[in-house]
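J.: Sequence:
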Amino acid sequence: MVMNRLIPAPKGRVRTRIGHRYLEALQSKADGGYQSSSSSSSDDGGQSSPGLSLLILGITSGTAMDDIDFALCRYTQESPEAPLHLDLIQYDSVVMPSKLRSEILSLLREDAAPPSMLSQMDSEMGHTFANAIHIFAHKHGISVDDIDLIGSGGQLITLTGAPPRGQHRSNMCLGKEL
1 MVMNRLIPAP
11 KGRVRTRIGH
21 RYLEALQSKA
31 DGGYQSSSSS
41 SSDDGGQSSP
51 GLSLLILGIT
61 SGTAMDDIDF
71 ALCRYTQESP
81 EAPLHLDLIQ
91 YDSVVMPSKL
101 RSEILSLLRE
111 DAAPPSMLSQ
121 MDSEMGHTFA
131 NAIHIFAHKH
141 GISVDDIDLI
151 GSGGQLITLT
161 GAPPRGQHRS
171 NMCLGKEL
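For what it's worth, this note's numbering labels the leading residue of the sequence shown as 1, then goes sequentially.
Don't take every hint at face value.
[Stated by the list, open to error] Below, computed lysine to any residue pairings styled on SDA-like, alpha-carbon distance capped at 20 Å:
1. K99 <-> S53
2. K99 <-> S79
3. K99 <-> E124
4. K139 <-> V94
Hints are computed from structural coordinates only; laboratory data are not their basis.
Based on the provided sequences and hints, a complete structural model is requested.
T.: The structure is reproduced here in structure tokens:
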């Protein structure tokens with residue numbers, strides 16, 4: 001049986017058809033009925049399952065906020081019991097827009113940034129990351145539709161300078177709206 005449904009995803013997120021046979025094998029194993037692809041009969045003419053093959057893009061921007069860094073990796077696994085393999089496909093950087101960098105740095109200089117400003121910067125960083133993904137993909141001839149998962153570390157900022165005695169520094173990650 002081949003799964004024709006899409007993997008559930010939060011509303012507003014991209015849904016993608018990935019590793020369905022692998023996921024079925026995991027579910028079957030969890031239910032106590034896992035059989036290896038060599039001993040099971042399937043409606044694909046007895047061919048073995050393709051296993052897991054995920055193209056994953058990782059994104060981060062460092063504390064200098066000068067670049068947005070990318071690593072495109074492929075994770076493969078022949079079966080749930082087989083070793084998981086990682087191959088680095090491509091890595092590169094896209095320059096952080098200087099206007100956004102300046103706005104974030106000025107935000108960091110304030111003792112207490114208003115929530116509306118933090119929310120606006122979070123949204124702008126998310127849109128900047130999304131645009132940078134398209135720049136990276138176009139530069140390297142990669143279709144964004146072929147990417148199964150995108151993981152972002154966001155941009156960590158410290159919300160308070162030196163906090164009063166007895167209080168702790170607060171941090172937040174910008175760019176969650178990717």
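J.: Between K99 and S53, does the CA-CA distance stay at or below 20 Å?
T.: 38 Å, violated
J.: For K139 and V94, compute the direct alpha-carbon distance and say whether it is at most 20 Å.
T.: 10 Å, holds
J.: Is it true that the CA of K99 sits at most 20 Å from the CA of E124?
T.: Given pair K99, E124 holds - Cα atoms ~11 Å apart, limit 20 Å.
J.: Quick one, are K99 and S79 close enough, alpha carbons at most 20 Å?
T.: Answer violated: K99 to S79 is near 47 Å, above 20 Å.
Checked against the numbered hints given earlier, the structure breaks hints 1 and 2 and satisfies all the rest.
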